[in-house]
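Visitor: Spelled out, the chains give:
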Amino acid sequence: MLSVEQTEMLTRVGPGTPMGDLLRRYWTPILLQEELPEPDCPPVRVRIFCEDLVAFRDSEGRLGLVEELCAHRQTSLFFGRNEEGGLRCAYHGWKYDVAGNCIDMPTESPESNFKDKVKLISYEVRDGGGLIWAYLGPREFMPPELPQFRFMDVPEEHRLHTKYLRECNFAQAIDGGIDSVHTNFLHAGLDRYRKTDAYKERIKGSTDLDLLYRTADDAPKFMTKRTDYGLLVGARRNLEAENKYYWRFNHFLMPFYSMTPRGGGGHAFVPIDDYNCWSFNLSSKVDRPYTEEERERQLAGIAMDHDLAGGVNMHGGLIPGTYRTVRNRDNDFLIDRTMQKEVNFTGLAGTGIQDSMAQVTMGAIANRTREHLGVTDIAIIQARRLMLGQAIDLQEGIEPAEPHTPEAYSVVGVQFVEEKDVTFDECIERQRPRLYAELGS
Amino acid sequence: MLSVEQTEMLTRVGPGTPMGDLLRRYWTPILLQEELPEPDCPPVRVRIFCEDLVAFRDSEGRLGLVEELCAHRQTSLFFGRNEEGGLRCAYHGWKYDVAGNCIDMPTESPESNFKDKVKLISYEVRDGGGLIWAYLGPREFMPPELPQFRFMDVPEEHRLHTKYLRECNFAQAIDGGIDSVHTNFLHAGLDRYRKTDAYKERIKGSTDLDLLYRTADDAPKFMTKRTDYGLLVGARRNLEAENKYYWRFNHFLMPFYSMTPRGGGGHAFVPIDDYNCWSFNLSSKVDRPYTEEERERQLAGIAMDHDLAGGVNMHGGLIPGTYRTVRNRDNDFLIDRTMQKEVNFTGLAGTGIQDSMAQVTMGAIANRTREHLGVTDIAIIQARRLMLGQAIDLQEGIEPAEPHTPEAYSVVGVQFVEEKDVTFDECIERQRPRLYAELGS
Amino acid sequence: MLSVEQTEMLTRVGPGTPMGDLLRRYWTPILLQEELPEPDCPPVRVRIFCEDLVAFRDSEGRLGLVEELCAHRQTSLFFGRNEEGGLRCAYHGWKYDVAGNCIDMPTESPESNFKDKVKLISYEVRDGGGLIWAYLGPREFMPPELPQFRFMDVPEEHRLHTKYLRECNFAQAIDGGIDSVHTNFLHAGLDRYRKTDAYKERIKGSTDLDLLYRTADDAPKFMTKRTDYGLLVGARRNLEAENKYYWRFNHFLMPFYSMTPRGGGGHAFVPIDDYNCWSFNLSSKVDRPYTEEERERQLAGIAMDHDLAGGVNMHGGLIPGTYRTVRNRDNDFLIDRTMQKEVNFTGLAGTGIQDSMAQVTMGAIANRTREHLGVTDIAIIQARRLMLGQAIDLQEGIEPAEPHTPEAYSVVGVQFVEEKDVTFDECIERQRPRLYAELGS
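Residue numbers (our numbering), protein chains in the order written: chain A, 1 to 441; chain B, 1 to 441; chain C, 1 to 441.
Keep in mind the hints are simulated off the structure, nothing from the lab. Treat the numbers as computed from the prediction; the structure is a model and nothing was measured. Heads up, some of the hints might be wrong.
Since the list gives no way to pick out one identical chain from another, each pair is judged satisfied if it fits inside one copy or across any two copies.
Pairs of lysine-lysine residues, derived as DSS-like cross-links and limited to a Cα-Cα distance of at most 27 Å, are as follows [said to hold, decoys possible]:
id, residue 1, residue 2
1, Lys341, Lys195
2, Lys117, Lys200
3, Lys244, Lys195
4, Lys341, Lys119
5, Lys225, Lys420
6, Lys341, Lys221
7, Lys195, Lys225
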């Protein structure tokens, strides 16, 4: 549990809050590249860290991120015209470049220098790895490079990113991203389902450790190691029959990423404001492009290979024109009580919606004073300490190191089986080549 | 009128409020039995007295009512799996019995005793008379028995309960339940309608006193008598032509029931929170089951025998999957201005919707400092005094007596015609056998 | 820009606020006459200056405007029955006349004088010029006459009024009504569109100054003159080719009207509350009725003669049963990004929706501390000063003069071309006959 004060510090991200200040020291993914696909495409609203902004790509492909409202009379620049070299407010035609400079002010006489005095708040923006990134902190602390996730350098066809709205504070999403023990219930099929012929046929001959061993031990032992990106989280499950341990190494990467041992994938849980975040699902393959089928399944919201209900729609897709899932808190995620009786614990298909249910129903900001954390929550406790510690440090002038170790972010999750006498530290050493190597499909 | 302070005391029902404390001394109907029909059926959200809870019926049919959020990490147990002997949270599998005890905590090692330290807030729940009842107060003051309404003991087929959401504070609904003079307008047809052949044909030969005499006198004289369940309310109408009095005896039963002289029916107006309540419509017949036609009409929301517009839909039915009426404040109850010109005073069909309109349009909590109460409001004044008095008493340690006189709740409403020289007290004596007798159809 | 305090004073209109007090000194258009078309028609909710009221027209055609809730027990009189000589509450039948007097109280005995003590808050209401007007201020300051706009005296068929909801504070709408320079962008076609054959064909041989010259100069010079209705606003555009000036005279009439030089039309921006206003579009022709086609186009929301996209729907019509446009802030006014690329600056068709976008996206109350006002904003600055000045004066007991110069309101907007050496004051003299003359079609 956290105190009220700790929860406040952990969850509030607006300008001037301790956590808001900390998050602003990092490059932040704000959009999928598809949202600003080409020069002079329509501008996009960006609400991030409680700030209302507009992003656009100008005629030369440069990215801009500026305050939403025109400096003249406060009309929204989301409705502006993105035209030759800038974004023009539709009310009186004031025009801004990507740096927020007013570059045309037709309402003034040509000799006026009024426009030189007008500048929008603007932030640095960059393309990278299929995402659009922004830096909202003080310029003097801006890390020169984006974090070097593996997906940053692969060809476009090797990547498969999606995003959707999660209607709760980002810290609840982070908790879920770290806490791999929940896969034993939230994402798992019922015993009765696992005993069906259909299921047995499905896993027959499989070498997928996740499928075979994830639910072998409901009380995995958690261990963490502080790294230069955040935390390496080891979860050790006892394989009774084989007298071995099944290990999963997840990662928490400051300030809101998690990497799981499945398909080289990770998540970024980016705060929109105190009550909402984006869940970016980041996937890539080093050695080959995604197949058309994989891509279609993912974009349609179908879990790729471990959805126990088999081929079902993960989130029922997105509400057209939005990144909000059709299945959401307003409709109880369309829970299927028969599925909950017969197939899995949730009555929900798809890990994304299962995660949303678990996190969103806590309330927009969970009341952590009511929590009862157990032994499987120690990685969460560590991650919270890390975040709160950095936020406090920053208030005292101590800058976080992680924004300046971009190369550390190339780590991936792994899973493996080891003899029981191999320690956590020894496992890390043995896995080091995989943790930091290129990722095969 | 009431002062601001009195209104606050009357209407606020959350934990720790004077009225909230008082209400928690009583057994409270929280659900229709149909909402938890069988062992291991889906759990149901229950918001009552501003508390967010989940009700469920376990594998052995026992009822549970516990706080909504799991003690572990605050995921909603509404999404939990109701399975062998308890409700299991879908996030990490913590499982609770009907008493709120954590009976399985798979994330801890078998030898851990952590689960013994975890307990959800839970309340006593019981089946009774087609309803599900809860007691939300301190255990030491829990009345041993449920109130003995007449419908409690009749066979299931003799009962016909419905409920719907009323989007205002419960005290406004109580006022309406007591105030029988409003039937002269809110539920009455226009003179012009009463003069139609269709209407005359309809009441021809009728012996229904309500139909014949209710609107004979718009200014009935009200009298009240304090009883061991609350108030007996007598409304006396002058029958000019016959030189007699037409009497109606309604009842206000603490803390939120009313019984009317029609069909042995009554209402419970149960606070969801300060701004919403459930209107339970409770009907039963001692001597026979409801016919299929009666049942269909009632469930379809059709007023059973005194809807002046004749066979119309009372509330347009419920929005599927909810207990909210299709006709509600958001659509002005679909008022029909032509009906209001030609047929009745409201342009609304069905007493339920008429009552909702009258009560809900006052605002979520009516501003009682603006009221002008007249002679027909004296029963309301008495009932408010009774409630406020008990609330104040309780703050001073004086427990209410009513929760402990369950047998008093078997009273029913009656109507009759008497000679003018029979006093109120004499009428009560004469009606005593009917007031407390078994109810014929 | 304005300070926070000035913005508060300018925008808050509830009872007891300085601006609210000032507005209440004026007769205010509250409804279209079509909303209360005949005696005993259904009553209408009127929210104006943050007050919730009900308007009705009694059996003799008299208008009433009274507080919404019945004095008895606070049920809404919007649901009342408008019947012989008054509005009867549907709950217990209390009945009120247009002056708010309780004229029937059937729940009291005939000899009771309780009803003489009950009176609703009520305001003076009048028909005039196709509108329904109310005076919400102190009776002793009530102007004897309605403002004498030109449309007040023309036959009904010569008028064409509409209204719709604008979801922002009225002061933003006033700014837009005064600020004619925005027509160069917000309401203008792109150069690329103006070069199309279709457009050239359209304006061929036109003598419409607006069409020909409006966009000839993006930085018009603004001048204002204090008048006995408010401000005459002159905007002077340089016509380079012809070595002349194109002038437009708009008017700001206290406290929320604007008159433009197009079709004798004007606007009233009437505060509903601090966050919403009605935009009344007021049009009339002195010399002839509107044609059927003109009427249909206007009522369908089609801009009459200068919609650059040609014959398109101005606002997509109104949501049935409301005066809210289908295209509104909730759907980003259904912006068409292709139209914005190819045709005009906004991607929106119709001046009404263009204005709404510009004003509403500022937020419900624009943050005027962030504005940067330029030379084309001087009329706005003057108008704000005028309003704030009158509001401050009134707090000090100095009554505004404008409510008592109704004849001054007959002014109209004009446009014309003049030699460069004719001064603003000379222009006013020359235009005086047109400014105050009858308006031809």
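Visitor: Next step is simple, just say for each hint if it's right about the structure.
Guide: We went through each hint and held it up to the structure:
{"no.": "1", "hint": "Lys341 with Lys195", "verdict": "within (14 Å within a copy, 59 Å between copies)"}
{"no.": "2", "hint": "Lys117 with Lys200", "verdict": "neither (71 Å within a copy, 39 Å between copies)"}
{"no.": "3", "hint": "Lys244 with Lys195", "verdict": "within (23 Å within a copy, 78 Å between copies)"}
{"no.": "4", "hint": "Lys341 with Lys119", "verdict": "between (59 Å within a copy, 25 Å between copies)"}
{"no.": "5", "hint": "Lys225 with Lys420", "verdict": "within (19 Å within a copy, 80 Å between copies)"}
{"no.": "6", "hint": "Lys341 with Lys221", "verdict": "neither (29 Å within a copy, 59 Å between copies)"}
{"no.": "7", "hint": "Lys195 with Lys225", "verdict": "neither (37 Å within a copy, 67 Å between copies)"}
Going down the numbered hints, you'll see the structure goes against 2, 6 and 7, while the others check out.
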